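Enquirer: Using the hints, build the complex out of the two chains.
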Amino acid sequence: MAQTRTIKGKVTSAEDNQSLPGVNVLVTGTTKGTVTDVEGAYSLDLQTGETAISFSFIGYKTQTIEVSARTTIDVVLQVDAEILDEVVVVGYGVQKKSDLTGAISSVKESDITRIPSFNAAQSLQGKVAGVQVFNSSGQPGALPIIRVRGVGTFNNSSPIYVVDGVILDDISFLNAADIQSMEVLKDASSTAIFGSRGANGVIIVTTKLGKAGQEKTVVSVSSEYSVQQVGKTIDLLNGKDFGAITNEILPNTYNNLSALPNTDWQKLIFRNAPIQNYQISISGASPKSQFYFGVGYFNQQGIIPKSSYERITLKFNNTYTLSKSVKLGNNITLAPFQQQVAPDVVYSAYRAQPLRVPYYNDGTFGAVPNVGNPLAQLAYSNNFNKGLRLVGNVFADVTFLKDFLFHSSFGADLQFNKSNDFTPAYTVFNPDGTPNQQQNLLSSLGKGSSNSSTWIWENTVTFNKQIGDHRINILGGYTMQETSNEFLNIRGSNIIRDLPELRYLNNPLYFYDPTSNPVVNNLASINNGVDANLYYSLISYLFRVNYTLKDKYLFTASFRRDGSTKFSKANRFGNFPSVAVGWNTMNEKFMQDVKFLTNLKVRASWGAIGNEKINYLKQYSLVTANGATSPVFGKGNNLNSGATFDVSGNPNLIWETTYQTDIGLEVGFLNNRLTGEFDYFNKQTKDILVPLRTQGYFGNGNGALITVNAGTVLNRGFEFNVAWQDEVKGVKYRIAFLGNTLHNEVLAVGGTKGIDSTLVGGFLGSGQPATLSRVGLPIGSFYGFKTNGVFQNDAELKAYPHDSNAGVGDLRIVDVNKDGKITDADRTYIGSPIPTFIYGFNFQVGWKGIELTTDFQGQYGNQILNGKEIVRPDPYNFEKHVINRWTGEGTSATEPRASFGGYNYSISDRFIQSGAYIRLRSLTLAYSLPTAWLQKVTLKNVKIYVRGTNLFTKSSFTGYSPDFGSGDVLSNNIDNGTYPVAKVYSVGLNVTF
Amino acid sequence: MRNFRKNTFKNTSRFVLLALFISVGCQDFLDKKPQGQLLQASFPVSASDALLVDNAAYASLRNWYFHSGGYPILDIMSDDARKGSSPADQLNTIGPYDNFTINTKQDGLDRWWSAAYQSIRSANVVIKYVPTITMSDSMKNQYLAEAKFLRGLVYFDLVRAWGGIPLVTTPDPPLGLGNATADEIYAQIIEDLNFAVAHLPKQSAYSPSNLGRATQGAANAYLAKAYLFRKDYVNAEKYALEVINSGQYSLEPNFNNANGLAGNFGVESIFEIGALPNDGNENGGDQYANTQGIRGSPNRGWGFNRPSINLIDSFEPNDPRKDATVIFLGEVLDGVPTVGDATCPDTTKVNGVIIEIECYNQKIWVPGNSISSEWGHHRRLMRYADVLLMEAEASNQNEKTAQALIYLNKIRLRARGGNLAILPDITETNQGLLRDIILNERRHELAMEGHRFWDLVRTGKAAEVLSPLGYTSRYDLLPIPQTQLDLSQGRLKQNTGWNN
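Protein chains in written order, with this note's numbering: chain A, 41 to 1033; chain B, 94 to 593.
Here chain B stands alone, though its shape is the one from the complex (with noise of 0.2 Å):
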């Protein structure tokens, strides 16, 4: 019994030990599922999956770093604007966008570089997998396009700003990556751009819920404006005639709804971004106009991009758009007198001349009775008025001065608003001075809206106008962040002149 007792001992514990080392050691136990989390590998994989990658590309836009970093700081770079807020807020950090100072590390570069890539990662998790996924072919290139849309409108900002920067095309790029050239990344563009008009519905198609996603028109829009940046103006009127023959889009009667909240995915818009009224981009808010809302009394916001006074002095006598472009200390809005914030001179002066006033960007203005309110504005990326203006400047270029003048007239028309006695049609036929009556008419039709500064820069005037504002040709271009650069370990270059 012992001995028996003594053997079994022996014998369990060596198979207590065989079993150990061999069968529980069998690699499931390590393996666990995160918890409450879906793995990218098993995502996206159906339908429902697809659509739900194609609205995050959507989000994205909503990304307050979007806009160029936060702030809009293509407009303080411009005539049009100053820093605005109080003389000493951001002084530092916005500030010198405005007096053309800025450094590689400047803040907002390399936050807004960040954000559309983004923004790009998110359309290309729909172009890399929903061809994988099984569903009707109709539905997977209407996602495709949404997607290559919206990655041609990333990576033309992008080429806008800083020229010739890594061209990802996967949600998995490789390491390393260096600079493509720009025509590389305008050539994406195009390509993008032109899947989606493939394969876009109109803007009619849609139902009144999904308004806001990519149409054929909006793709159609940015082609033509990709080939007015790429100075192709024969196919810039070809894209911009598509949009005004397809009769999908008109002006607004009211030219403050081209902008306004009574406006939001109306007649005008060919491409916006919609949010909520919600302070937080995670509660469906945009912070856009938040940025630039009044200051003080009301409380709207921060009042960065303030309208300048050469902007002010520079509309034609009596064009509404001045009002409607400018929030005026004393001006009524939603019932309520602006007032202004006590830390804002209302007037600043140098050497006697004033040169700047305290009063805001009226284009993001929503009414409503609180901060939040201003978190619902819908920024145009894309309206009707653009496309109508690109189409008169390509057909001068074109040398087609009597077909320009239609378009452009019906801007001013508009801006009119039926008083006779203003803003009189142009009859010039000259096409040089015509180019120039098209790019004013484009600053105070699309003010303090994010176009002048390129606007100014691929028309050749940057130099001209911007530089008593200390502007030099390396500004064409904006330094790429310190912060990539030094992450690249040297395989970024710097655009020219940035080398400092």
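Chain A on its own, in the form it takes in the complex (with noise of 0.2 Å):
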């Protein structure tokens, strides 16, 4: 008679000691078994001679364990570091990651949450192979800035985000807590699904769901407090120092130094500001439903006064399975917002004079000549805006004929804006009791609203099927997307009084102006419209196949053909093919006996790939009726309305299209504990929208610009991520050190010759460009004099060829072109804002709860232009280095002698300065209470941390922070006195019960 006996015990994860669910556990050499339930619990019945049991779960290496006696067996997964089966997120859809042939990384979870900023983006930083992170502004609100393999056009060169299957440009309006990973798509296998809007990269978001079998439901709960403070300030002249120098400009300006004041005006706008984030989310599921629903709060005050960000996040993700085979759901988010946006009161802060008070006897603020109070800024400030985002897609899984899945998602992403901006009427008085020039004489009130839709159907069937040794998946679809928008601006002047409830322009209480005539209409402008970027139709077909040979040959091909009112009736559709191969070394049976590999697998892609980003009336000719169009007739002088025809539009314009080679690697060693990632990219765009001049005769204007595909421009690198992680005596530790070099060189601009072969830009204030781009070298190169030294003496100043205006004591420029003179001619390539090696380096250890995680992050072979130093039309203060000016032959041979401004403040080499750095991105210190404790209070998991982000970083960039760009590529990396991005101090708890 056959004896049965029962076995039980509950299996657990060893990565977090959460209990698992789903686990497979079946009797060794027979199908018979059971699944965990939600405690990770499971009861089975073994029969004689069946001796042992093993568990399964994906993610996790599988154990086997003999039962012998036993009737108890609790079993610790280890997390299975062959990644190999880990199912990675695709465009529409999923693969095993063993039988990717794409360039994807992921990013989980828990590197989401750790950076303290309203932007899930910002935590790519360091993280992944291939993607620079950096910030146009500190200001708390502003969008961050990726770039994905390079900068590979002059226009838009942003990825793509789609969330829940929603195409996006920006995620802001995620919390980073919904967020379940992010995909990066990187080579042109994964991205040339997204046709027309791959090109840039494409960031996949997943947030969360209840897992399916977890039918206990989990609340979380989450609070984090942060401090933030300005990592360094500028060294800037004191007041003594700025006497002594001016005196050396302008003899006897001051003649007691030490009598002056001296006002430290970085000290007065920077404050410590507190950043508040807490999230509460339940999820669970039921067998017919998954859900998740999560609501957060995010408050961050800025360094600066007067700029802050807040936003609410509800975030409801349901799934319902109506039959066997239909399953609807929805992922939808809604988030209002509110952010205030301080006045540029950084570059006034650091042209402010020392000498000047900011405030007089009396408590009024003192003037600042020429730059204006930065406190009186402040505090007339009032510039708000505010918002509702709601972003999400209802769906449904039709699973038919067995092997098919239909799914049909509609979507939508409504935005809803307004601003808000008011100045009151002050003047700031000068000593002598004149106004200064820091002066609103009229209140002034500015309101706006804008609101854009876009709706997204997007439809597909997929084949998935095993035969024998083929694994096929097939793809196939159509999509369909419309976005528009209008904008009402409307500013007017002269409210009566400034108090915040008669900040309306109907206020019918106009202010009667005593210092001209009576105001009665204060309404100054209406500007109503539609922004072109955002007014387009995309009607798209899609097409992938994924072809796996015995576990060992890998095959895709995939093929989207894109139509869009972007472009003219005969260009509209563009066609955006792929391909790629890769080979399982390791399921080769030559390749099962070396032991120390664990992966080794290479793959190779091609693909071309599209981007879209443009204005739409690019195509068009349109007609101009302005003030310019109007002539002047009669003894009256009447303007007469005239309307003619605008600069031409290009109706044969078609897609940026960029070609994309990849080869990879994927390497695994000593059962994966030292696992590498290998990436060789190479990206050519060609026919880059490029603004040219066209020939004089067609009539288009002084300087007019049509828009052709004209620009090629090269991105190509090496990429790696190379991790090790073990566990030795109960510490677990990983060390991962991922980055890439990038190679970034322009092939064509438009014409070969004169001013179409180039493209200028990053204009400074003063209106100079400073950047140029053109073949040969890398988009938004810095263009200026290049200097040797200092004029020592007259017979130096003799024998070189020079500027009239320069005297001895005065920059050396160098003759580039050996002409003899010095002039514009000479100007030459002085910098590149793209830096040719990106890296990061993560360090991770836990022992017993207590986990230690650091993240740096690098940038190397990039240049910074010191904007803010150059345009100096007035005497302004001056960066500390100008106490080592030249003051007699011998003195300096790299600062020239004082000077408010002037020739030696051209753009030339001496702003240039290294934007390499390396940075303590973000350091954690988390405690995690034992369950035993916790079990007795029923909580699942309590963890409590410190944190600190940008804590440290090594840079000799003079600026506050090496981090900074501009999302027009023409334009950066010029400091022109950018918000700082600050420092943070946070405590965290987070409550799982």
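One or more of the hints may lead you astray.
Here are a few chain A residues that face chain B, going by a calculated C-beta distance under 10 Å [what the hints assert, rightly or not]:
#1 Gly473
#2 Glu522
#3 Asn692
#4 Ser797
The hints are simulated quantities; they were obtained by calculation from the structure and are not laboratory data. Everything numeric in this text was worked out from a predicted model, so none of it was measured. Glycine is no exception: its CB is placed at the ideal position from the N, C-alpha and C atoms.
Expert: What follows is the structure, encoded as structure tokens:
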């Protein structure tokens, strides 16, 4: 008689000590088995002769255990470092990592929440090889700028985001805690399925959902409080030194230097400011449904007063299984936000002379000539944006004919934004009581509203089948998208009182202005229209086949055909194909004996991907009607309306197309304790839209530009991501090093000579262009004079070609074209804003609930132009290096004699600084309370942590923070007084029950 | 039931797919109209549209760059004027026109070229599309004649500045046009002006609110001038007399009003560019005078195009036109004494000889209390005095000396302002001597109005008069802007002497 005995136990994860539901428990050698429940518990009856059970779960190493005489067997499953069977989200589907032929990097939950930012894309910095993240500003709510594998166009070079199937341009409406994973699609094999929108990379964001089979509802509460401060300040002259140098330039300006005021303006504009971030989420599942509900509140005050960003996020994700073959679902985010934008006081504080007092003795603002008192600027600024964004989709999955899945998703992105800026009437007075230039005679109120809406309907059919050694996955689809918008901005002046409740433009209490005529109507301007970048429709047909033979040979081909309103009828459709192959060598017989190797996969892909982020009006020839087209006739001098043809459009425009080749190698050694992923990529973007001059006789007017598909840009580089992880005596650790090299080069601009062979940009406050892009240089290269010293004496001045404005003590400009004269033709390449090497270094160690995580990140090979130092039409404060100025022969070979501007402040390599830096991006020390304690109070997990962000930066840059930049690729890395990115200290508490 | 459901889903999904791929894929979805924009394809189509395009053709003349790229370089290139402003201001951009050291990339050349063709395009829009509009033939012809007049006017500038340039007679010219010959350009100008003469009303036929539109008189005056430049003196005389005998025009009794505010659209004005006293072309203003206005105190502008010592000294004794042409320091205008600008030396000497004094062009002076007032200056492109002098010159060439003296002395009579002690009538009957006298009278009557340089070139006097300033014969035509040569991919040929 067969004897039956029952084995019970619990399965937990070694990673986080959490119970593991859904683990397959199988009697070895049979098909008999069970699955663990939500608590990770199982119970299994064994017959005689059944001596072993195996535990397997996706993402974990399978364990087989001899039962012997035990009746309770608790198992701790180790995470399978061999991520081969990890499932990776790809465009319009998921794929086993081992079957992937494309270059895709995943960033998981725990990494995403590690940066205290409103924008989850910030977490990609230093985490994904090939991705650069920088900031246009430290202003709360300012969007980070993301570049995937370099800068592929002169135009919008930002990737697209796909959030639960909805294609978007940014994800600032998402709470990082609601995100399950982010996948960065980099090569053509993975991005070509996004066709005309994939060229700058694709970031797929998957939000959370209760796990199938997880019947117990999990509630998670987390809170984090942070304090931010400016990381460093700029070394500027103090009052005494500034006075001394002024006396040198304008003798006898000040006669008692030590009695001069000494105001540190930087100190006055920066403050310590908090970030609060709280969220509650509830997730769970029933046999027929899964759900996730999250509420988040984020509030960041800026390190400059009058700047802040506050957001509430509501997240609802659900699926409902209607029948065996039909599943419905939704992913919806609702995010109201409010932002206050600070005036540009960073630049003012940089320029303001230290000799000026912030306040007079009577408490009124002190005048700061030529610049304005930064504190008054702040005091009178009231600049708010607020809005509501709703992003989501509803979808249906229908399984039919066993192997087919029809997926239809209707998504929408609705944005409602309002702006409100008010400047009261005010005057700052000079010490002598006369009004300073810093004044606003009439109060001014601007109101703006804009809304945009996108709907996107995606329909795909997937066929998925394993037939013997052949695994086939075929995807076909059809999608439609429409985006439209409208804005209305109105501005008026002269509101009767500076009260928030009176800030409306139909205010009947128009103020009687005693200085001029009575103001009857305070409405100054109305501007109503459409943002042409956000007004288009798109139709797409997509197709992809993945074929895997014997788990060894991988093949992928994809094709997308996009039709867009942004191009004329004849050029409306573009085709974007890709092909890729892969080889999992470990599944070859001859590799079975190579014990030290766990994984060795090679893959290669090629494809064409488009960029359609252009203004749809460029194709059209429009009519212009305005004051400039209206003549003045008659004795009474009447302006008569006129209208005529505007600059011609270009109906021949087509998509910019990126041709990308990628060769990748994935390796794992020593049971995947050491893993590596290496890619070589070569991206060539052709038909880049470039604004070119047309021949004058076309009559488009002086300087008129027509957009033409004329540019070509190359980005090539090498990516690596190497990690070592192990556990030694209960101490688990992981070290990862990742990064990429980048070679960026313009291969064509348009014309081969003259004005159309270059693109200028980077216009400084003075209007001078500081960058030039032309064949052979990186995009947005800095362009100016090269200097090689300071003229020490008259003899030297005479010996060298020099500008007529140059004298002894001034910079020696190099006669680059060797024509014996210093002219504009001697300007040359003096630096590039694009790093040649970007890297991240991550280290994690954990022991009994204590975990230390450090993330370093940096870049190398780029330069920064200190634009704020160059533009000085008036006597501004100086950076401290001016102290070492030339004061006579032999005193300095680098720092010219003191001057308030002019010759020595032409754009030159003197203002070029290294953009290289390494930064301790994040340091976290966390402690998870022992599970044993928690069970007593029915808590699942309690974690407390302290964290520092941007704690330490090593950089020779004299400005605030070297990780700034501009979204305009022709104006990047020019420091015009950028709002700095802060250093942040946080404490946090996460509780799960 | 289960099967039914399954089949339903199967069928549904098939239908859904079919529907998606076929019906929704209709192209309408991708046909979006530009929002808030009118397409050229649907403009101009009505009589009111015709008026709008016609008006816009005039407005293009107010573009700052229409005035030889923004600065009055033609006067600066003549013996009448210096660069002006402070010594360093635009030294390398405008300065080279003063001392004849320009190059093919000289600032302003390309702006002027592009702005002139922009004007031509706006005229070509009228000429191409108005004939297709349903409206009265008389209005059609009037608009066409206005546009052809304007096109002729601009080509006349272009051909005098550059000679053989691309000839464009449609708003959508083909790619790759090369140089036409100067003869071809002149033929087009004369054809256009003849059409204008045939279809334009006389000045008196316009209502007061339409003064400023092209007239038959203006077209005749420009025909006279075009023939003068072609040295066809018979036709020059003929068309000048058409203007004179039309009875539409006379000289302003007060010389100041010939260019001044009070003479706007006045009896002497044959064609002028209307403008409002507002900063900004888009606000109806014209920056031509602001470019030349008094620097310092009162502040009315930038002070370019400074009357030269040579011009000042060349006036006949007590010629009132000297004072009416030059604003000297200390001169009280509009109740304000002219103090000048600290950055401009009151006198500039070389080797003890005064070569420049701080002074300004009074022809562009507009009374008012701000810079904006200067933006309201109406630049006179053709005034009756010019026609009288053209007639005198042509008659003299045609050996009708007596007739020449009649018109020449009308100019002197007005200039005299009733003071019989000055500017006696000319009685010279020697054709050669009289030719020089007339040229000299043109210099003083039309000084600082953009005529002198071209007058010297067309009369062959440029070498004699301008060589000391650096002129060489290649300056008879300006270099075609290097940018245009580059953009033409070699199809445009550079003018003689400029291939450097």
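Enquirer: Against this structure, judge whether each hint is valid.
Expert: Right, here's what the structure says about each hint:
no. : hint   : in the structure
1   : Gly473 : violated (24 Å)
2   : Glu522 : holds (8 Å)
3   : Asn692 : violated (12 Å)
4   : Ser797 : holds (8 Å)
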